[in-house]
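The primary structure of each chain is shown beneath.
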Amino acid sequence: MSWQTIVLDFFTYGLLIYSILLLSCYMFIGGYSIGEIRTYLRKNSFTDYRVLASSTQAPSISILAPAYNEGANIIENVRSLLSINYNNLEVIIINDGSKDDSLEKLISAYDLYKTDFFVNKRIPTKDVLGVYKSRKAVYKKLIIVDKQNGGKADALNVGVNISQNDYIVCIDVDCILEQDALLKLAKPFLEDSKIRVIATGGVIRIANSCIVENGRLVKVNLPKQFLPRVQTLEYIRAFLLGRMAWSRLNGLLLISGAFGAFDRDIVIKCGGYNHNTVGEDMELVVRMRRYMEEQKVPYKVSFIPDPLCWTEAPASFKILGRQRNRWTRGTIETLQLHKVMFFNPKYGRLGMISYPYWFFFEFLAPIVEFLGLLSFVIFVLLGLIHWSFFIGLLLFIFSFGFLYSVFAILMEVLTYNQYKSSKDLLMLIITAFLEPFIFHPFVVWSAIKGNIDLLRKKNSWGEMTRQGFTKKTV
Amino acid sequence: MIFFQALLLFFFGAAAFLIFFMTAYLLIRKKWRKKYAKWDSMIDLLLRKAIFFNESGSSADQPIPVTPRLRVNLENSRFRAQLTKKITAAKKNMSGQAGQNIKKLYLQLDLDTHAIKLIETGKWHLMAVGIQQIGTMELKEHLARIYRFTNNKNELVRAEAQLAVLNLFGFEGLRFLDVITYQLSEWQQMKLLKELSVIPHVNLTGIDKWLKSENASVVVFALKLARNYHHFELYQEIVACLEHLESSVRTQAIYTLTEIYSEDTSKKLLDRVPLEEYNNQLAILKAVKKIGDEADLPRLQGLLNTEDLEMKLSVVRAMASLSQSGMDLLMAWPQSQSYPLKEIITQVKSEIRV
Amino acid sequence: MKILIAEDDELMLRTLEFRLKKDGHQLILARDGREALEKIDQFLPELVITDIMMPYLSGLEVVAALREKDQTPIIMLSAMGQEDIVLEAFRLGADDFITKPFSPNELSVRIKRFMLVHSR
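Chains as they are written, first to last, in this note's numbering: chain H, 133 to 606; chain G, 22 to 375; chain W, 18 to 137.
Where hints are given, some of them may not hold.
What the hints assert, rightly or not - If the Cβ cut is set under 10 Å, some of the chain G residues that face chain W in the computed set are: (1) 107; (2) 111; (3) 113; (4) 114; (5) 115; (6) 117; (7) 120; (8) 218; (9) 219; (10) 223; (11) 293; (12) 295; (13) 299; (14) 301; (15) 303; (16) 307.
Unchecked claim - Derived lysine-lysine pairs resembling DSSO-like cross-links, with alpha carbons at most 30 Å apart: (17) H:432 / H:326; (18) W:86 / H:265; (19) H:326 / H:351; (20) G:311 / H:265; (21) H:258 / G:333; (22) G:106 / G:161; (23) G:55 / G:113; (24) H:268 / G:124; (25) G:56 / G:70; (26) G:106 / G:174; (27) G:307 / H:253; (28) G:230 / G:333; (29) G:70 / G:107; (30) W:117 / G:124; (31) H:258 / G:363; (32) G:56 / H:351; (33) G:144 / H:175; (34) G:288 / G:174; (35) G:333 / H:401; (36) H:326 / G:245; (37) H:428 / H:351; (38) G:333 / H:253; (39) H:272 / W:117; (40) G:106 / G:138.
What the hints contain is simulated information worked out from the structure, not anything from laboratory work. Cβ atoms here follow ideal geometry from the backbone N, Cα and C, with glycine treated the same way.
Work out the full structure, taking the sequences as your base and the hints as a guide.
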């Protein structure tokens with residue numbers, strides 16, 4: 133046996149085993165999510181959220197919405213947030229040192245005045261320049277914070293410091309929330325008397341091509357452009373199947389940065405959002421879970437499968453690429469920060485299942501895929517393997533991906549059925565068919581670029597600091 | 022290679038099957054939806070007729086006229102489910118003669134037998150539906166059948182059974198608190214209190230017993246009942262809960278004492294501060310702010326030196342709102358001119374002004 | 018009398034319409050808070066009956082918005098029996114409050130009383 137065949141066999145079988153493991157995981161997730169969704173829907177039909185809307189016992193919630201140069205739409209966005217159905221609520225908008233006239237606009241639109249607010253800096257942040265409230269009684273839930281620019285994580289930490297309530301809900305200011313979004317998000321915190329629920333995640337859906345009036349979603353449409361449409365499919369797969377299964381396992385690692393509720397007490401005890409990573413949302417959940425595991429307190433991260441929050445998805449390859457690049461870096465940084473948990477039985481399921489899954493199938497997947505493809509092409513060019521084998525493997529994986537997508541679409545139809553016409557569903561199925569050719573390679577490439585950027589940043593870190601210094605002295 | 026081909030065919034085949042299934046499902050549902058719309062208006066008409074039944078001059082013993090078409094449809098389980106859903110919703114919204122008429126229609130159509138059948142299936146989600154109906158329709162004769170479910174192992178079943186018992190017997194129904202071993206979640210407590218809020222209040226006995234229950238969530242719930250219905254005579258028992266082993270019970274006791282208090286309550290609460298955990302300390306300070314008096318000022322002042330800023334803020338709030346002399350004491354305090362006390366006092370001053 | 022009813026439950030809305038029409042009132046129906054405000058501007062009802070939990074704009078918000086303009090009498094209708102909501106409704110300027118479940122006949126009587134008080 134020559135060394136070439138050994139290398140070849142290693143690659144072939146390694147890749148084959150990896151693929152089979154990955155597919156098995158997906159099959160398990162798909163199957164496991166069914167039961168969880170069914171139970172949720174059955175229970176939910178008994179839930180009268182009006183009980184919560186009217187009760188004085190409802191958990192107090194602060195919405196934290198950081199805004200940076202959002203002047204164009206800020207007034208409407210805030211109005212939309214203020215009209216959400218929830219009694220025990222404060223809406224905190226954090227103006228993160230915007231360079232535009234966001235603050236002036238808010239002051240005049242909501243008749244704001246600067247208060248003598250003492251900011252208790254339990255989490256260290258950049259300086260707060262002022263805390264504003266409205267003179268009008270109708271806007272008594274509104275708090276606007278003006279602060280020095282410090283990035284999203286820093287802005288959220290300021291919000292956490294200022295919040296007076298038990299739970300915080302972090303959202304992007306331009307998100308569109310369903311009317312009862314907060315009621316649904318708050319309920320899990322009241323459900324368990326033995327296990328502490330430390331966070332609840334909500335489902336995000338794609339708002340492109342949907343009709344929005346006065347900050348309310350009026351009609352759901354399937355995005356007309358290809359890129360947002362693939363992402364619609366991607367989100368259905370991730371939220372309806374993936375997160376549902378993980379939540380059943382109580383192994384949920386990611387609550388999307390665009391919409392989730394957290395126990396403020398624990399957030400503060402953990403030190404708030406980490407502003408040294410681009411994946412602050414994932415990192416916080418992992419840190420909170422790690423904290424609970426270390427304290428040995430039974431806890432849970434809950435998940436609500438109803439579509440609660442609608443957001444605009446990137447419609448161009450450029451912005452999408454940037455987003456995926458950032459997600460990759462966020463994942464890697466988070467995994468790195470908490471590597472002590474890797475297969476560490478001290479951290480229970482978190483260490484034995486969730487973390488390894490993320491490591492092998494979220495972080496490594498694009499790398500394996502990229503390298504696998506590359507080496508196969510090389511082997512084929514060297515004449516070591518036959519085209520037919522190569523294509524056979526690809527088709528095998530492709531057929532499974534397609535099946536998984538179709539399954540996700542079916543689950544969507546059977547549960548929430550946001551896209552009602554058969555034309556829309558046909559479009560979704562065609563999209564599922566095209567995704568592996570157009571969308572997927574790009575996402576993998578963006579992830580690879582994310583890996584490269586991260587490596588580069590690490591190596592050039594010292595240099596950049598020095599540059600900063602010289603600038604300062606000049 | 023054969024291996025790939027087989028799996029490949031299998032996956033594509035499965036996908037094709039799912040697509041086929043989806044299409045069939047959508048077609049059938051489209052048909053159903055049209056039918057549902059038709060049924061909807063039929064049911065609405067029937068319900069309106071029932072609600073205003075006596076006003077058209079017919080006597081109460083006569084049956085509500087039902088069309089033969091509806092009788093036929095009644096054999097269809099989907100139709101029945103939809104009808105039941107609408108009847109129960111209407112019953113929840115209307116009382117008086119209108120409510121009685123709706124119940125009459127429900128019984129006349131034999132829907133109660135179907136509710137019992139659901140309960141007998143033993144499947145939790147169906148049992149819950151049946152139990153809910155018995156409660157909403159106030160079918161007291163079935164109490165024995167559902168009472169034992171108040172401690173069922175399935176959370177939804179016992180929750181619905183507890184609510185139904187309240188529906189049937191009002192405050193008397195709370196007797197299940199004597200026996201339940203499962204915890205009442207916060208959510209369930211809210212639902213029970215909501216249900217009670219629309220029932221005419223009668224003299225409620227038994228709270229004293231529940232305050233001593235082994236089940237901590239029952240104690241918490243009893244404390245809420247004592248607060249909502251102003252049971253001042255239970256004052257001593259409530260104060261005793263301040264020393265309960267469960268921190269959630271102590272927290273609720275603090276809340277309840279903010280509503281039910283006597284002259285020495287704030288003193289008793291302040292006695293607890295050094296023994297309590299952080300969250301309850303803050304809750305006590307909030308309570309003292311509401312119910313304390315000038316006599317508490319020296320002890321509050323003693324807490325002013327705390328390192329914790331949130332706590333400091335709460336102490337200042339309490340002192341400032343008790344009386345003018347509280348504010349004077351604050352201003353005379355040595356650190357009141359420097360950070361952070363100065364800033365805290367400024368904020369509290371502006372809060373009082375608003 | 019011209020009465021606007023804002024209520025998101027179709028059966029409830031129709032029942033009230035049916036009952037009050039029999040009393041000789043002219044009814045305007047709205048199925049959510051936003052529609053209610055639009056129709057109030059358009060038809061200028063003499064009495065507004067509104068549910069509290071409605072899509073888009075809650076009944077409380079309808080009251081607040083209406084009170085900024087004029088003093089049209091408002092009766093609140095809601096499943097919430099809790100004190101703070103009732104207080105909030107009155108504070109915002111509601112004139113009467115009826116808790117669900119309620120009897121349509123009672124509502125009819127209350128409206129008659131309203132007419133008496135207001136014609137004086």
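Tested hints:
no., hint, verdict
1, 107, "holds, 7 Å"
2, 111, "holds, 6 Å"
3, 113, "holds, 6 Å"
4, 114, "holds, 5 Å"
5, 115, "holds, 5 Å"
6, 117, "holds, 3 Å"
7, 120, "holds, 6 Å"
8, 218, "holds, 4 Å"
9, 219, "holds, 5 Å"
10, 223, "violated, 16 Å"
11, 293, "violated, 28 Å"
12, 295, "violated, 34 Å"
13, 299, "violated, 28 Å"
14, 301, "violated, 24 Å"
15, 303, "violated, 22 Å"
16, 307, "violated, 17 Å"
17, H:432 / H:326, "holds, 10 Å"
18, W:86 / H:265, "holds, 24 Å"
19, H:326 / H:351, "violated, 40 Å"
20, G:311 / H:265, "holds, 24 Å"
21, H:258 / G:333, "holds, 23 Å"
22, G:106 / G:161, "holds, 20 Å"
23, G:55 / G:113, "holds, 27 Å"
24, H:268 / G:124, "violated, 47 Å"
25, G:56 / G:70, "holds, 21 Å"
26, G:106 / G:174, "holds, 26 Å"
27, G:307 / H:253, "holds, 21 Å"
28, G:230 / G:333, "violated, 38 Å"
29, G:70 / G:107, "holds, 14 Å"
30, W:117 / G:124, "holds, 16 Å"
31, H:258 / G:363, "holds, 21 Å"
32, G:56 / H:351, "holds, 24 Å"
33, G:144 / H:175, "holds, 13 Å"
34, G:288 / G:174, "violated, 43 Å"
35, G:333 / H:401, "holds, 18 Å"
36, H:326 / G:245, "holds, 19 Å"
37, H:428 / H:351, "violated, 46 Å"
38, G:333 / H:253, "holds, 13 Å"
39, H:272 / W:117, "holds, 28 Å"
40, G:106 / G:138, "holds, 16 Å"
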